Amino acid sequence: MLGLLESVERDETQSQRQLATELGIALGLLNAYLKRCVRKGLVKMRRAPARRYAYYLTPRGFAEKSRLTIEYLSFSLDFFRQAKADCRQTFDTARRAGLTRIVLAGRSDLAEIALICAFETGVEIVGLVDEAARGSRFMGVPAFDSFERIKEPFDAIVVTDMANGPKSYARAIAALGSEHVLVPKLLRSSTMGTAWS
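Residue 224, in the working numbering, is where the sequence shown stops; the numbers in between run on with no holes.
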């Protein structure tokens, strides 16, 4: 909803097809969202040339966009704080166990935060493994599509995959054994909770 309101505010001359493409959603779904916004009084439509419509935000739409932006930023800040605390705790646990050369399993926002925390806690991130990462880099760290492709030695794997955490966890255990695989509390307490071994 926030993305739609921002797009309408930015360019009210966009067609529904252009809006759907920009937001990465199906045209039918965009149409349903627009109708809902019009019903709620957030967006108004007016006819434009060539059998098209122009969409623009109402004062109520501007207020709702502001509310959603604040809500999103608040959630993002809460997530960052929790993720940073969990990553620091995970790396502290690893370091106390003598595990200082770490591989991250999964490209995500959590992986970005883990890289920041690694620097602060004195562990070294050797690489990141993500099935779609063949031959690339992630925030300056080598990225691989499998654990077998990593040439440098590493002591532990920290799961940072927020989309397919249990799958990455299973791959990590197969690669290094369960005693060397760590999962930040944020992932264990998420909706995936029961899928962790």
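Simulated from the structure, these hints should not be mistaken for lab results.
Possibly wrong hints are sitting among the right ones.
To be verified - Cut-off 20 Å, straight-line C-alpha distance, at most; resulting in silico cross-link-like pairs (EDC-like, lysine to aspartate or glutamate):
hint	residue 1	residue 2
1	K92	E49
2	K194	E175
3	K71	D119
4	K67	D105
5	K212	D119
6	K212	E139
7	K92	E36
8	K111	E151
None of these values were measured; they are calculated from a predicted model.
Going through the hints against the structure:
{"no.": "1", "hint": "K92 to E49", "result": "17 Å, holds"}
{"no.": "2", "hint": "K194 to E175", "result": "16 Å, holds"}
{"no.": "3", "hint": "K71 to D119", "result": "53 Å, violated"}
{"no.": "4", "hint": "K67 to D105", "result": "29 Å, violated"}
{"no.": "5", "hint": "K212 to D119", "result": "13 Å, holds"}
{"no.": "6", "hint": "K212 to E139", "result": "16 Å, holds"}
{"no.": "7", "hint": "K92 to E36", "result": "9 Å, holds"}
{"no.": "8", "hint": "K111 to E151", "result": "16 Å, holds"}
Of the numbered hints given earlier, the model fails hints 3, 4; all others are met.
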